[in-house]
Structures are given as structure tokens and as C-alpha cells.
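Visitor: This is what each chain is made of:
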Amino acid sequence: MSSKPIKVMANSADLLNALADKGPLGVADIADAISMPRPSVYRLLDALAHVGLITVRQDGRAQLGTGILHLASAALSGIPEVAAARTAMQRLNDLTGQTVYLCALRDRRVVCLDWVEGTKVTLMLLKPGESLPPHAGATSRAILAYDESLRSKVLEAAPFREFTPQTLTSAKQLEDDAARIRERGYSVSDQDVTVGVAALGVPLFDSNGLLRGALSVAGLRDDVLPHQAEFAVLLREAADEVSARL
Amino acid sequence: MSEATDPTGGMNLVTKSAAVLQAIADAGELTVGELAERTGEPASSLYRLLSTLQAIGWVEDGSRRGKTRLGIDFIRLGAKLEAQLDLRELARPELEKLHAATGQTAFLCIRRDLRAVCIDRIDGLDVQIHNLRLGESMPLGQGAAPRAILAFESDELVERYLRELPEDEFFGPVAKNADDLRRRLKETAADGVAVAHSDWGQGIGGVGAPIFNHADEVVGALSISGQTHRLFHTGYDPVEMVVSAAAAVSRALGATSRSHLPAKESVRA
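As given, the protein sequences belong to chains A and B, one line each in that order.
Each residue of the first sequence is one higher than the last, beginning at 1 in the working numbering.
Each residue of the second sequence is one higher than the last, beginning at 1001 in the working numbering.
Note that these hints are calculated values from the structure, not bench results.
Possibly wrong hints are sitting among the right ones.
[Said to hold, decoys possible] A short, non-exhaustive set of chain B residues, derived as facing chain A with CB atoms under 8 Å:
id, residue
1, Met-1011
2, Ser-1017
3, Gly-1028
4, Thr-1031
5, Gly-1033
6, Leu-1053
7, Gly-1057
8, Gly-1071
9, Arg-1076
10, Ala-1079
11, Leu-1087
12, Leu-1090
13, Asn-1131
14, Ser-1154
15, Glu-1156
Backbone N, C-alpha and C define an ideal beta-carbon position, used for all residues, glycine too.
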């Protein structure tokens, strides 16, 4: 079996990604963005529009189609962690007013599966479907702390990318952090991904005790850190509730 | 089918892929055998297609061995598209059409907690409505657009509205009485449209219809308001016009369910 994706599908994915990152685009811009001759772009747009993956706007520019929204909802409901965590996440958001994240490990990256946005600010760095490396952020470090085999693989690759001066970049720093997290039961991310933003994270286990991901509460530093003890208790309760459903 | 022998340059692979994605979306996760059954494609060609779709991030291994589910990439694409869809931009042409066809004041409102905020409006030709200017708000239970929103919110929100919203200095009590409001909200939900003959005082009426998103949650309402005798007794059908304008915006946001639309609309579609 060939592992190289069939070209037209690889082009389709590139096109959808370009529209996601840049917003609506004209044919010339698409041709540039995905390095494809214009006649082929027209044919690809026709085919993708026909199945609802893109739509052509009145101004002639292509945009992601609303079919994407339905596939996104279906993709979310296909992930057991998401359904199990929904009510607990909503309640955490109601009680804290902060952004609540559900993340899980995929290919050594920690991917945001779902979120409930905070009432005050929208956090720009980690949105649904996007990911962080396992050394930065509250959910990442909570997962790293409780996943020994991940830790041994990841720590070999030190030093790590520095997002801010607060990012933990050495293997020693991350080992110490992991030990502190296991002792305390939750991770504290204080501006290690975004300056001014803090988050608290707890690991998420299923009823067999397997690590399935992590939950976090994130927001402006002054809205999170002063409430550390209270939020940690709420996170713990939420995680227990989700575990019981997994 | 290989690209070399396919005169459409592989474009029918896009169609095939979409059918595969849809089948998986409907079921949650599927084996190749189940996919073959549902799409009518031979398993051999599905293996190759799935390996391609997996390579580009559109599908991934499911929670059980041999099952395939939709890829996490769609979650990212969906979140990006949701952020790009701008209600004001999508509703503007419909607002303009409503105004041009009726000459009445046309409004676009969204909910902010227990009130409806006007985020766009076009003034009427014969009377200027002073209520609900751009950025102003009114209680959810009053007026056509706010009531069109509240009627499709949860019962908990309706009860919270009745319990918590203080009397408004402008608009008076949030409802003449709670039961009356609950009854009117039920009517609005059943009709799919709020019709107010004189909510805003003597002689001013309005018609408001809800706007829904892809998850069929109410995200706002379009309405027109004007002097009751001009609004309801002229050559056009204000109810039908507002309902179809709001439905057009809902479709642009990806709404598909027809359950919220009035019977008339379903029959026509």
C-alpha cells in the first residue's frame, strides 16, 4: 500500500488549511498558497464546493464550507473524552469564569480537543484542534508528569523550545516540575506559554486508571493564580466526574 | 481508480472521500467492512483511500482496533471557520433586503445575558423608532426580536430572566405576568416567529425571527418594526419576509435542521 497521499487529496487538505489560516481567498491567492496552476484550482474548488467542504462567496472568493462545521461536530462526538467531559467543563466555566480546556496526547503533542471559552478574554494560543509540545502549558505538563514513558522519550530531546522566559527548557526543570505536580496533584502554568496568562491543570484517568488526557482552567494571571487553591479543588472534582464516565 | 487513468484528474476522489467522511460522521466510527457496506465502494479501494485520508489528517484510528473515526483536523478547521463567520456581515444583505422591501426599520439583535442587544439596524422610511439604537439593549421578553431569541433558549434561562432581571426604567416590568410571557414564548417557538402588534406602546408593532447556527442553537434574531397599520396591512407579508430572511442567515451559518421553522417553510422546502 502506498503511504504517499493521493495528490488531489493532499491538494484538497492544503487548500482547506490555507482557507482556515488566511480566511476567504481568491483563485490567484489559492494558486500561490498551494502552488497549483489556476485551471487546476478551479477544478478543485468545483469539486470541493460540490461536497460542501468549501463555498464560493458572492465576491468570488472561496471560504471553508459549512459542511466543515458538521464534520467538526461529528469529529468531536466521535471522541469519548469530549462527551464525557462536556458537562463538567461547562460547570467549571460557570464557576470560574475562565477558559476550560480538554487536551489529550497525540503523536507526542498535546492537542486541544475541546474548550469552553472564558467570559473575559479569548486565549489565542491554544484553540480546538491545535496543539502544544508536552513541555509547555498546564495540560501538557500534567500529562507529562503522569506519563512516564512519554517523559523518558521527550526529555531526551532537551533543551526545549522557549515560548517565554518562563518556559521550562531543561530536562532537570521538567523532572522537578513533574515531581512537584505528582505531589500537589495539579500543574501550575505561570506565563510559560503566553506572557500574562496562567493556568492550572489536572490529569484525567479513565475508570481503569489509564491516563486519557488533562483538564485545565486558564485565564489572565491575576484571575487565576490568586484562586489557585479553590480552582484546584474544582478541577479535581471535575476530573473525578469525567473519570467516572470513561 | 488511479489518477493517471482518471479523465477528471482525480476529482471524483474528492466526491468519494466526502461520502466516506459523511458515513463515518453519521456512525461515529466504522471498520472498512462497514464503510464498504455503507458507501458501496470495494474494500480494496477504501483501504487505499483511508490511508490517504489518514496521511492528510482527515481520519484517524478509532477507539477500537480496526475502526476509523474522523480526524482531529476537522476540529481545528471547524473552530477556524466559526471564528471567521461574522453574523453582522452575513445578515447585512438580508437586513438591506427587508428594509428595501418594507420601508420599515430593520434590526439585527443578539443576546447578552438577559437582554437583547442591537448590533445592526437600518432606519425606516416613514417613522424613526427611538428604541433599540445600535448598541442599545432591551429585556429579552419584550419586543419581537428579543422574544424570538428567548423563545428558543432553555427553560432555565427563561426562568432566570423572570427571576433575576430587574424592572427596566425604560421598558417597565420584564413581563406583564410570568404565565403570560411563558405562553407567548411557547407560541413563538411553535410558530418560529414572534409577532408583536403593540409591544412598544401604542401603534408600533414588529415581527422577529430567530437565527440559528450549525448546532441549531439560537444566535440572534432579525426583525422589522414600524407603525402597526403600515406593517401589517400593506401589500407584503411581513411574517413570511422576516422568516425567510432569518432562515437565509441561518443557512449561511450552517444550520440545517428545519425543526425550528414554521410548517409553511417546511412544506415549501
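Visitor: Give a verdict on every hint.
Guide: Now for the hints, and whether the structure bears them out:
Hint status for B:Met-1011: holds, given a least beta-carbon distance of 4 Å to chain A, under 8 Å. At a threshold of 8 Å, the smallest CB-CB gap from B:Ser-1017 to chain A is about 6 Å, leaving the interface hint in force. With its C-beta approaching chain A no nearer than about 5 Å, B:Gly-1028 sits inside the 8 Å limit, and its interface hint holds. With its C-beta approaching chain A no nearer than about 14 Å, B:Thr-1031 sits outside the 8 Å limit, and its interface hint is violated.
Against a cut-off of 8 Å between C-beta atoms, the interface hint on B:Gly-1033 is violated, since the closest Cβ of chain A lies about 17 Å away. The interface hint given for B:Leu-1053 holds, since its Cβ lies 7 Å from the closest Cβ of chain A, which is under the 8 Å cut-off. Nearest Cβ of chain A to the Cβ of B:Gly-1057: about 7 Å, under the 8 Å cut. The hint holds. Residue-level restraint check for B:Gly-1071 holds (minimum Cβ-Cβ distance to chain A is 7 Å; threshold 8 Å).
Because the smallest distance between the Cβ of B:Arg-1076 and any Cβ of chain A comes to about 2 Å, under 8 Å, the interface hint for this residue holds. Satisfaction of the interface hint for B:Ala-1079 is found here, the shortest Cβ-Cβ separation to chain A being roughly 4 Å, below the 8 Å cut-off. Checking B:Leu-1087 against chain A: minimum C-beta separation of about 14 Å lies over 8 Å; hint violated. Proximity of B:Leu-1090 to chain A is violated relative to the hint, the smallest CB-CB distance being about 10 Å (cut-off 8 Å).
Taking 8 Å as the C-beta cut-off, the interface hint given for B:Asn-1131 is violated, the closest approach to chain A being about 27 Å. Annotation: interface hint on B:Ser-1154 violated; nearest CB of chain A at approximately 12 Å, more than 8 Å. Here the hint on B:Glu-1156 is broken, as its CB sits about 12 Å from the closest CB of chain A, past 8 Å.
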